[in-house]
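Relying on the hints, combine the two individually framed chains into one complex.
For the protein sequence lines, the chains are A and B, in the order given.
Be aware that the first sequence starts at 1, since it is given in the working numbering, and climbs by one per residue.
Be aware that the second sequence starts at 1, since it is given in the working numbering, and climbs by one per residue.
Simulated from the structure, these hints should not be mistaken for lab results.
Quantities reported herein were computed from a predicted structural model and do not represent experimental measurements.
Take the hints with a grain of salt, since some may be wrong.
[To be verified] Straight-line distance between alpha carbons at most 16 Å, and here's what the computed EDC-like set of lysine to aspartate or glutamate pairs gives: (1) A/K127 x A/E143; (2) B/K207 x A/D76; (3) B/K198 x A/D76; (4) A/K64 x A/D26.
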Amino acid sequence: MEIVFDKVTKNYGPINVFRDLELKIDPGDFVFITGASGSGKTTLIKLILNQIKPSSGDVMVDGKALNHLKNKNEIDKIRRKIGVVFQDYQLITDLTIEENIGLSLDIIGYPSGKIASRIDEVIKMVKLQHRHFLFPSQLSGGELQRACLARALSIEPEVILADEPTGNLDPANAWNLIKILQEINEKYKTTIIMTTHNMDFIESLDKKVIKLGKKEHENS
Amino acid sequence: MKILKLTFHHIRRSPFQSMVAFFTVFTCFFILNSFIFVNRGLSNVLNYFETKPEITIFLKDGLDEATVKSVGNTLATYPGIKEIRFISKDKALSLYKEMNKDNPLLTEMVTASILPASFEVSTFNPKVLEVIAQKFSSQTEIVDEIIYQKDIIQSLLTWTKIIRSSGIALISLFITIAFIVIFTLIGMKITNRKDEIKISRLLGASKFYVKKPFLLEGMIYGLTGSLFGFILSFSVIYYLRDTINFFFQPIIFVPSLTIFEPLLLLAEIFIGIFIGLSASWLGARRYIKW
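Next up, chain B with everything else stripped away, as it sits in the complex (with noise of 0.2 Å):
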């Protein structure tokens, strides 16, 4: 008989121990998908922040040309920068209408009156942002609110730090009960074939013949349980995705499909594969002793 057919022949005698096994690789690669997905998200946010040092200076209402001029061509003396832009009031109401075009709840009430002007200012290092938000901020008779990078990126890094600890930790449980789970199950599989496998030894079958089936069938769990587990959270990531990207617009927080997600199933399969055989070897170890 086929190792293959005999192991499917297990797996069907107790469906139901079977599923649990399958359950608990598939929510080990579905909370392991969501993480990468969050922290890559994340990541991107990071890298679109990092990448584009800029600050804001929100000027105050009823300044007269000269003062904005004279706020530009101090801005311009700092050495450094990449790009001066005045935004306008009326400028800023197109693009916040631009912004908002799908929701003209939004648009309908508001006016460039109540929008402040404002510099946005990019530069090659982002030192130098720390530096003008420190002259500007002293500036309150020019100056409404400065918007400056760095708390972002610091809360940002702060909460990227969480969420991938608390991802490493959750998913190192999972992938522990996963184990005990696998490894209990053949133990109990085994048990209950005592008598098969006492059968087949007495036939010439040597340990490895027997071991075979169970081996297989651990390694099954672990296939399917990465493979299911990875198709339904991307499934579930990529029909989300321009929803979520729209929420964190203009940061793509979930990227078109590229290499790295094939490489990542691979890698997934590989590692549920090798979860299921270490378990299963470990427990058909233990377990057979005939």
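Looking at chain A on its own, in the form it has when it is part of the complex (with noise of 0.2 Å):
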């Protein structure tokens, strides 16, 4: 699934986010998105999303610019395609953990019979084998970003957007979340894009960076 940013430009009231903002993700990349804090890592995420509309520009994802799909629900096929990390999470607070994976999975059409063995690898993938049965509540930070990521890998899908997805891990966690998310991306050849301020990861790791708040995009 290719991402395409044509001359976007985002403003929140008087305040411009990015200009003219222009970059291009293709199928299986490995990017890292990163800027200092109000850069716009988050809209560039909700963009894609088509959660926020450009104040201008056009944002093209699978070929299709969002902020002009004729029908409605084409929007709802290209975020089934998509897992996404949200940086508050985003879990739904009264249902368990394995609750929340299942209702992505039912949201995708994934076949009932199998939503069960389905939670239990990705839920095993993210090391929470005794924690799914419990509420959003009940976990700590990392654990809840750890949730939300098997909920994202769960739908298997093409692009996985992780906002901040180790901001609230410890080291030898968030090495681990890379490295289940550098797995995906190999193995299923799996878009990931992924926002951070850790420079740890950008350095360590020879992937594609985006920054944010300059002028020019950097190809490492």
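Below you can see the structure in the form of structure tokens.
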């Protein structure tokens, strides 16, 4: 799934987040998005999800300009191909972790007979075997982030958007999460777009980096 | 997660709100069935009188046999007469005793002398009754009293009309209340679950997908309210059936169960579901903006 930003400008009232942003993310890419706080990292994720509209320009996902979609259901179809790890988790508070993952699978129309085994699979992948029956309020920040990753992975997405997924994790768990994302990227050619402040990851991994807050975009 | 599971999860989360919706629909259908029952009963009463055009002429005491016979002969000259029955004082007593055989207190003091003899005349054409009534009401030396069904039917028709109109008005009011209650309740639930809906939408859920549990919830209120309203009202009616029918005898005010009841149940369930679905659909349309 190709993602293209064609001269995208985003303003929040009088505040300009970015102007005429142009970028292209190819299928199978692993991209770090970095930049200072307020540089528009989360805004970029929200634009890809069509959660917000650009002030001008086009955000193209899978060849479709999101702000010119004729059929309103198109955006739902696109979202079903994207797994998201939200910065603020966005887990439903009165559903357990496995129910949250189950809901996500139900939304994409995953075969109901296979949902339980798929939940087990991703729960093991993020090492939450002993926490899956708990509610979000009963988990730590790090566990919530892993639960969120499990939900994103469960739908076998074409793209994973991870908004500061390591922000609440200790270094060991953070590297573990990066390892999982790398594996997914290499094994299934899933596009990974991850926002982060952590320069260790960026410097240690040979991946594409998009720096926001500056005019130029770097490729490492 | 299965849609039904999610819907019951919503219902369990706010049990008192759900109970209000259920009881409003339940009350609506309980009242509806009560009016259907009274209306059917009155129709049976009306039908009884309309299909048996009859006039009863009570005779004065002490009339000789020739006079009684001449009354009978005069009655026989009218066209369209179906049957003329003479009820002597003794026959009247035996009928009275038969009617009150379960209540000896009502029979022990009564003798044939206090009951009047009478002619019961039934016709094929109710209009003949009017002519007979006019003719005999002027013969005060022979006739003690005339009981003529026209007045009863007129009175019954008036009551049926009043009950039917007030029933329609009351049921319309309750349907409106049930609709507004479900609409408001679904609106409140959507507002309470705003975050959940937004998250589901971000995960790719269609608008219909997020609306489904609310539509199903409305349908459940309609289904359960109408079903239990029917079951309770008909249980009460059929529990009291013998007592009611005894009171109205010989008319069958509450008939035996027929195909009508299951059909009525199906119709009411359909109406209940329709009310619940339309109210929740409007609620979901009005409140789900994301």
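To see whether the hints hold, each was checked on the structure:
no.: 1; hint: A/K127 x A/E143; result: holds (9 Å)
no.: 2; hint: B/K207 x A/D76; result: holds (9 Å)
no.: 3; hint: B/K198 x A/D76; result: holds (12 Å)
no.: 4; hint: A/K64 x A/D26; result: holds (14 Å)
Hint check: no violations occur; every hint is consistent with the structure.
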